[in-house]
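For this one, chain S is given, so just place chain A on it according to the hints.
First to last, the sequence lines map onto chains S and A. Sequential numbering of the first sequence, starting at 1, is according to my numbering. Sequential numbering of the second sequence, starting at 1, is according to my numbering.
Hints are not guaranteed to be accurate.
[Stated by the list, open to error] In silico contact screen, one side only, chain S against chain A (beta carbon under 7 Å); selected entries:
1) Asp-77
2) Glu-78
3) Met-79
4) Leu-80
5) Tyr-139
[Claimed, not checked] Take a look, some chain S residues computed to stay more than 12 Å from chain A by CB distance:
6) Ile-58
7) Leu-59
8) Met-90
9) Ala-136
Everything labelled a hint here was simulated from the structure, so no lab data went into it. The beta carbon of each residue, even a glycine, is placed where N, CA and C say it ideally should be.
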Amino acid sequence: MTAAPPRSTRPTSTGATLYGMYIGGLASAALGNLFIRIGTEAGWLPQAGRTVLALLSILPLVVAAFFFWRLLRNELDEMLQRIVLEGMAMGLIVYVPLAALYTNLRTAGAYVPRLDPPDVLFGPALLVALGIAVAARRYR
Amino acid sequence: MRNLLPTLRAERGWSQEELAERLGVSRQTINSLERGRYDPSLPLAFAIAALFGCRIEEVFMPGAPAEQ
Chain S
1 MTAAPPRSTR PTSTGATLYG MYIGGLASAA LGNLFIRIGT EAGWLPQAGR
51 TVLALLSILP LVVAAFFFWR LLRNELDEML QRIVLEGMAM GLIVYVPLAA
101 LYTNLRTAGA YVPRLDPPDV LFGPALLVAL GIAVAARRYR
Chain A
1 MRNLLPTLRA ERGWSQEELA ERLGVSRQTI NSLERGRYDP SLPLAFAIAA
51 LFGCRIEEVF MPGAPAEQ
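For reference, chain A alone in the conformation it holds in the complex:
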């Protein structure tokens, strides 16, 4: 899946560590999510969308992840 996590995170000036803290996951998970190497579970996807004030489909899109 593709996602807009890096963009959304940068808009708020958060580091990966800060985003991880807010979501209650590890920084490695955030890094893997942003690189498209890991797809989140539904609860985590909903938590991410709620944190950014978006809908899930505005954060995650089907398709191959963009090369970082």
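So here's chain S without its partners, still in its complex pose:
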């Protein structure tokens, strides 16, 4: 049987770059959201401008997602792939029931705090990051 083809052995630096892109993408999306809300309340951002800003502000995140997918498929070795996938699964497992609970509690009229867009945006991202940290610790 032939040996497995070698993959990149510098996942740490690639991962750090990607992590920075991901954080930058989240920051861009959150800032875009903030400017849209400020522009709406101040009255200086028309509807078309708000829509354009909404689309432009998530572009860095789209780019980060593309490179993340490429990293996951082509550059991470098998153990690091497993860590990332387990982390994402953990984030999803925690987030989906919480989201369903929040939705149903609001529908039931129970008092739950109103979630702002940054809460919705950063919640899953933080849960996935936490999941990856937990998974990485298991294999250390």
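Using the frame of chain S, we list chain A on its own:
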């Protein structure tokens, strides 16, 4: 699984980083393998055995890993 990776690696004077480079994996993976925290896939297990000129069962054995 238990394994003889640390011993085999030391016999050749390789660092974990060097072994990782030869196998095309990360140093973290080598560290986790040696500590028994991660079991390799079949292709990787075969690659490791071929690199050391051994059979798979001479590198990896069933049972709890020895405490490092």
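Results of checking the hints against the structure:
1. Nearest Cβ of chain A to the Cβ of Asp-77(S): about 4 Å, under the 7 Å cut. The hint holds.
2. Because the beta carbon of Glu-78(S) sits about 5 Å from the nearest beta carbon in chain A, less than 7 Å, this interface hint is met.
3. At about 4 Å, the closest approach between the beta carbon of Met-79(S) and any beta carbon in chain A falls short of 7 Å, and the interface hint on this residue holds.
4. Using the Cβ-Cβ criterion of 7 Å, the hint placing Leu-80(S) at the interface with chain A is satisfied: the shortest such distance is roughly 6 Å.
5. The interface hint given for Tyr-139(S) is met, as the beta carbon of that residue sits about 5 Å from the closest beta carbon of chain A, less than 7 Å.
6. The claim that Ile-58(S) is not at the interface with chain A holds, since no C-beta of that chain comes within 12 Å of its own (minimum 31 Å).
7. Separation of Leu-59(S) from chain A is adequate, the least Cβ-Cβ distance of about 30 Å exceeding the 12 Å criterion.
8. At roughly 17 Å from the closest C-beta of chain A, the C-beta of Met-90(S) stays outside 12 Å, upholding its exclusion from the interface.
9. Non-interface call for Ala-136(S) relative to chain A: violated, since the shortest CB-CB distance, roughly 8 Å, does not exceed 12 Å.
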